[in-house]
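Trainee: These protein sequence lines are chains A and B, in that order. Taking numbering that gives the first Met the number 0, the leading residue of the first sequence gets 0, the next gets one more, and so forth. Taking numbering that gives the first Met the number 0, the leading residue of the second sequence gets 0, the next gets one more, and so forth.
Careful, some of the hints might be misleading.
Coverage of chain B stretches by chain A, computed from C-beta distances (three or more under 8 Å per stretch; other residues unrestricted) [unchecked claim]: (1) 97-111; (2) 199-210.
Okay, derived cross-link-like pairs now, DSSO-like style, lysine-lysine, Cα gap no bigger than 30 Å in a straight line [claimed, not checked]: (3) A/K5 x B/K140; (4) B/K117 x A/K21; (5) B/K140 x A/K21; (6) B/K270 x A/K75; (7) B/K218 x A/K2; (8) B/K118 x A/K239; (9) A/K5 x B/K118; (10) A/K75 x B/K78; (11) B/K117 x A/K153; (12) A/K75 x B/K231; (13) B/K245 x A/K2; (14) A/K75 x B/K140.
Hints listed in this document are in silico derivations from the structure and should not be mistaken for laboratory results. Note that the structure is predicted; figures quoted are calculated from it, not measured. Just so you know, even glycine gets a beta-carbon here, dropped at the ideal spot from N, CA and C.
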Amino acid sequence: MGKNLKKAYYIARKDLKAYYLKPPLISWGLMLPIVFILAFYLKNPQGISEVSPGLVGMTMLFSTTSMAAIVISFEKRIDALERLLMAPIHLRTILFGKGLGAAAFGFVMGLFALVLMVFVFGLRISYPFSLFVSLILSCFAFAFLGILISVGVKEVFEAMTLSNFFRFPMIFLCGVFFPILSMPVALQVIGFCLPLTYSVDALRQSLLSHGGVLHRWVDILILAGFCVMLFEIALAIFRKRTQESN
Amino acid sequence: MCGGVRDMDKNGIIQVQGLSKRFGDIQAVDRLDFSVKEGEIFGFLGPNGAGKTTTIRMLVGLLRPDSGSAFVNGHDVLKEPVRAKESVGVVPESSNLYGELSAMENLIYMGQLYGLPKKEWRGRSEELLREFNLLDRQDGKFQGFSRGMKRRLTIAAALVHRPRILFLDEPTTGLDVMSARGLRGVVKKLKEKGVTVFLTTHLIQEAEDLCDRVAIIVKGKIRVTDTPEALKERVKETEVLEIRPKPVSQGLLSKMESLTGVEKAALVEDKLRLYGKSLHGSVCQILNQLNAEGVSILSIQTLTPTLEDAFVKLTGVDAEVMRVDKPVKMGGPG
């Protein structure tokens, strides 16, 4: 177990060094929350606190899924992913390592959005521990979603297109802009099937201490369930696709 | 199996039995049986699409065979893939290290993935960079390297964990003459160090120069497995006549093969090569036929059979087919 975790860490560290910590990606990652926050602040300066959980969630969703999907589809394209598949590493460890790198990137971006909210707009954090746990689990759930997306595509642009197919509806269905309970029942059902709903709900309660649909720890538990489910589905499909026998 | 040679050695470091793989309607690999002895250079020789890469991909755990079994260093590649991979280094056909990382970083990363102890990461990487003449470029990014340097670093990366077996898929494809010669020297040195090398090639000369034993594979089946010397011995009684005609045309081949005593005719570059057991008795007939076709003869000579001649004779595949270099996969951005 320890050996596998170490290898997952090396895979994540390599991805961070080779792809994530490049000036264009960092600036893109930093621009994303700034643009989101400014757009909402200019429209309604007083209401910025209310939408802050959604903005942090969106920042993590976009940065994490993009990176996971792009990195894996890019490495598939140039045959570099085969390097990992040829190494004495279980496929489970490889995918976890890939997810770990993307989740770390999303976590830093989400944290940056949060720091902006706290220091520029005076947002107060009500429950720091549940905030930390929900940030971490959200990043992992989104990273594994990104991996799942990358499994089904061959080209990087396909990964981007398919990512948006999942992400844009999530923005409207998961309580980012308006409460999920105010939507028609059919849309609520869809919303409750998506991980961003629980991420935003947990973040809202952890930051603002009100407005949650479920208790924040229930949200966190469901987010953990999403992590396991998305990872296992991605693993099963990946194994089938690569005809891996690990 | 064609050729009637069943090559199974129970002590082989690689043992393959009945290995098959089909892609749709194409039987890429058809019931392969062979074994590779420890410390030898074993070559898979065949034209493009013969099933060489598919075989390597099954042996290194990248593809699941439809049937059959394969043991690498005593481990079943299907049941214990991770254990099997621990003792193996793989050099795929495309040099697929990480473009964004330097030579040193790539080797250290491989050391990490293959479980090399931390204290050895840098030392072992430096040792390999020195051995492959890349130490002065240790901080250069892989994406900025020439094709030959990329190939050398890819081989170095496969050796970081000191594997007992090295798989080399078309090691010199796309390289210039000097780089290819340098790489062949590297492979010979590995054998001296006791590393077992399994290589695939479509270059007959490469197989003859490097391999202790060669398996000739065509359309997914092994036609024959033997040492290059023994393969040549098989066609020793065959006489080879090489004629340089002007003009050269494919049409000459069927005309030559229709003559008594000519068993096989092939075009090798701009030369017409004729094979037969008693060609000396047919020389006049051959020259008369060429004359009748309006073909001038620039030179004519008899040859000692080479592995290429053995290949042509044993497989019926034109040696010219083997000279077609595979298109080399180019890396994308990054």
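Trainee: Take the hints in turn and mark each one as holding or not.
Mentor: Results for each hint:
Residue count for the region 97-111 of chain B with a Cβ under 8 Å from a Cβ of chain A: 8. That meets the three needed, and the coverage hint holds. Only residues whose beta carbon comes within less than 8 Å of a beta carbon in chain A count, and the region 199-210 of chain B has 0; fewer than three means the coverage is violated. Among the hinted pairs, A/K5 with B/K140 is consistent with the structure: their alpha-carbon atoms are about 25 Å apart, no more than 30 Å. Taking the CA atoms of B/K117 and A/K21, the gap is near 26 Å; set against the 30 Å cutoff, the hint holds.
Between B/K140 and A/K21, the direct Cα distance comes to roughly 14 Å. Compliance with the 30 Å bound is thereby established for this hinted pair. About 43 Å separates the Cα atoms of B/K270 and A/K75, which puts this hinted pair outside 30 Å; it is violated. With a CA separation close to 42 Å, the supplied pair B/K218 and A/K2 exceeds the 30 Å bound. Between B/K118 and A/K239, the direct Cα distance comes to roughly 37 Å. Violation of the 30 Å bound is thereby established for this hinted pair.
The straight-line distance between the Cα atoms of A/K5 and B/K118 is roughly 15 Å, inside the 30 Å bound, and the hint therefore holds. The straight-line distance between the Cα atoms of A/K75 and B/K78 is roughly 25 Å, inside the 30 Å bound, and the hint therefore holds. A distance of roughly 35 Å separates the Cα atoms of B/K117 and A/K153; the hinted pair therefore is violated under the 30 Å criterion. For the hint pairing A/K75 with B/K231, the CA-to-CA distance comes to about 42 Å; that exceeds 30 Å, so the pair is violated.
Note on B/K245 and A/K2: the hinted pairing is violated, with a Cα-Cα distance of about 67 Å set against a maximum of 30 Å. The straight-line distance between the Cα atoms of A/K75 and B/K140 is roughly 20 Å, inside the 30 Å bound, and the hint therefore holds.
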